[in-house]
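Novice: Chains as they are written, first to last, in this note's numbering: chain V, -11 to 146; chain Y, -11 to 146.
Careful: at least some of the hints might be erroneous.
Since copy identity is lost for identical chains, a pair holds within one copy or between any two.
Result set (SDA-like, lysine to any residue): computed pairs, CA atoms no more than 25 Å apart in a straight line [what the hints assert, rightly or not]:
(1) Lys68 / Lys145
(2) Lys68 / Thr43
(3) Lys123 / Ser146
(4) Lys142 / Asn1
(5) Lys123 / Gln113
(6) Lys71 / Val23
(7) Lys12 / Asn63
(8) Lys19 / Cys31
(9) Lys19 / His96
(10) Lys136 / His117
(11) Lys68 / Arg38
(12) Lys68 / Leu42
(13) Lys145 / Tyr69
(14) Lys145 / His96
(15) Lys105 / Thr120
(16) Lys142 / His117
(17) Lys105 / Asp137
(18) Lys145 / Arg119
(19) Lys68 / Gln140
(20) Lys68 / Gln141
(21) Lys12 / Lys105
(22) Lys123 / Val111
(23) Lys71 / Ile16
These are calculated hints, taken from the structure and not from any lab test.
2 protein chains.
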Amino acid sequence: MRYVNFTEEPETNKDEFYMREALKEAHIALKLGEVPIGAVIVCKDRIIARGHNLTERLNDVTAHAEMQAFTAAANFLGGKYLKDCTLYVTIEPCIMCAGASFWTQISHIVFGAHDPKRGYSRVEQALTHPRTEIKSGILEADCGQLMKDFFQQKRIKS
Amino acid sequence: MRYVNFTEEPETNKDEFYMREALKEAHIALKLGEVPIGAVIVCKDRIIARGHNLTERLNDVTAHAEMQAFTAAANFLGGKYLKDCTLYVTIEPCIMCAGASFWTQISHIVFGAHDPKRGYSRVEQALTHPRTEIKSGILEADCGQLMKDFFQQKRIKS
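For reference, chain V alone in the conformation it holds in the complex:
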């Protein structure tokens, strides 16, 4: 856990700071040969949970970075709901993860790069909780490039 004093910092820097932490998680996934997506959950300027994609390692398609971060955050807080929490995730959540975020009633979701093919926003109806505010495009280039490089590398190998 880490406490950061952002009182005198502009909002964007805060978002970029936490997105960089999510990117660190994505890099851990990359090293494990996983699709490089990372997430952190922040509550009152503290990172209370971290997660990175582990679908290959755990042989489980539900082991997305966000799902693990939701479970870990609830465990840390001792309550199921993630009100007053922010999910930072490097790539736009998929439908499963958006659906999970609905149940958590999380206050904010901030994601880096859009995922037009598998992202939840391809669905026109709202999937997230009405109380969840969403922001996107934070460190978009860095978050997206990691994915592009990964899949390009995969194609070269196969």
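For chain V, the structure is supplied; the task is to place chain Y on it using the hints.
Specialist: Positioned in the frame of chain V, the structure of chain Y alone reads:
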């Protein structure tokens, strides 16, 4: 694990048989004070995974019956994908669980009672995998009544 010979049984009886197994799981959830939803996953006429809702017990909104059954089935099979598998679940899956089913590429989903409020089919666009066939209304009355009784009881207590 259980092997059942359905060679001479009509298709409906097979669905009802497995839905009764899912209902048994729902009853286990009920006894634990959980929203009574249960699921089993069947592959080649064998139940390879079971799950019941454990969101309260695990303090985790993602701990739906289906999510646990998906993870357990992949673990049993040693592969991430649930092709040639059927999910039997007492209540229509929510958006999170439908989104998870997409990633599993499961062949069939059979559910009991519809959930007009939280079920995935409230979304007009397809959320499940194009290869997933869906059937509903198997033991619908039994599956739905369990939920009605549960919430009625909750209202009396509160």
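Novice: All hints, please: hold or fail.
Specialist: Here is what the structure says about each hint:
1. Taking the shortest alpha-carbon separations for lysine 68 and lysine 145, only the inter-copy value of 21 Å comes in at or below 25 Å, while the best intra-copy value is 42 Å.
2. For the homomeric pair lysine 68 and threonine 43, the shortest alpha-carbon distances inside one copy (23 Å) and between copies (8 Å) are both at most 25 Å.
3. Neither within a single protomer nor between protomers do lysine 123 and serine 146 lie at most 25 Å apart by alpha-carbon distance, with minima of 36 Å and 37 Å respectively.
4. Taking the closest pair of Cα atoms, lysine 142 and asparagine 1 never come within 25 Å of each other, the shortest separation being 33 Å inside a single copy and 46 Å across copies.
5. For the homomeric pair lysine 123 and glutamine 113, the shortest alpha-carbon distances inside one copy (17 Å) and between copies (23 Å) are both at most 25 Å.
6. In this homomeric assembly, lysine 71 and valine 23 come within 25 Å of each other (Cα to Cα) only across copies, at 22 Å, whereas the closest approach inside a single copy is 28 Å.
7. For the homomeric pair lysine 12 and asparagine 63, the shortest alpha-carbon distance inside one copy (22 Å) is at most 25 Å, but the shortest distance between copies (28 Å) is not.
8. Taking identical chains as interchangeable, the C-alpha atoms of lysine 19 and cysteine 31 are never at most 25 Å apart, the minima being 28 Å within one chain and 34 Å between chains.
9. In this homomeric assembly, lysine 19 and histidine 96 never come within 25 Å of each other (Cα to Cα): the closest approach is 28 Å inside a single copy and 35 Å across copies.
10. Taking CA atoms no more than 25 Å apart as the test, lysine 136 paired with histidine 117 passes between copies only; the shortest distance there is 24 Å, against 30 Å inside one copy.
11. Taking the closest pair of Cα atoms, lysine 68 and arginine 38 come within 25 Å of each other both inside a single copy (16 Å) and across two copies (23 Å).
12. Taking the shortest Cα distances, lysine 68 and leucine 42 sit within 25 Å of each other both inside one copy (22 Å) and across copies (12 Å).
13. Proximity of lysine 145 to tyrosine 69 under the C-alpha cut-off of 25 Å is restricted to the inter-copy arrangement: shortest distance 22 Å between copies versus 42 Å within a copy.
14. Taking the shortest alpha-carbon separations for lysine 145 and histidine 96, neither the intra-copy value of 38 Å nor the inter-copy value of 33 Å comes in at or below 25 Å.
15. In this assembly of identical chains, the alpha carbons of lysine 105 and threonine 120 lie at most 25 Å apart whether taken from the same copy (22 Å) or from different copies (19 Å).
16. Taking the closest pair of Cα atoms, lysine 142 and histidine 117 come within 25 Å of each other only across two copies (23 Å); inside a single copy the shortest separation is 35 Å, beyond that limit.
17. When the C-alpha separation of lysine 105 and aspartate 137 is checked against a cutoff of 25 Å, the pair qualifies only within one copy, where the shortest distance is 17 Å, while the shortest distance between copies is 41 Å.
18. In this homomeric assembly, lysine 145 and arginine 119 never come within 25 Å of each other (Cα to Cα): the closest approach is 44 Å inside a single copy and 28 Å across copies.
19. With identical chains, the CA atoms of lysine 68 and glutamine 140 are at most 25 Å apart between copies only, with a shortest distance of 23 Å across copies and 39 Å within one.
20. Within a single copy, lysine 68 and glutamine 141 get their C-alpha atoms only as close as 39 Å, which misses the 25 Å cut-off; across copies the closest is 22 Å, which meets it.
21. When the C-alpha separation of lysine 12 and lysine 105 is checked against a cutoff of 25 Å, the pair qualifies only within one copy, where the shortest distance is 24 Å, while the shortest distance between copies is 38 Å.
22. Taking the shortest alpha-carbon separations for lysine 123 and valine 111, both the intra-copy value of 17 Å and the inter-copy value of 23 Å come in at or below 25 Å.
23. Taking identical chains as interchangeable, the C-alpha atoms of lysine 71 and isoleucine 16 are never at most 25 Å apart, the minima being 28 Å within one chain and 30 Å between chains.
In this structure, the hints that do not hold are numbers 3, 4, 8, 9, 14, 18, 23, in rising order.
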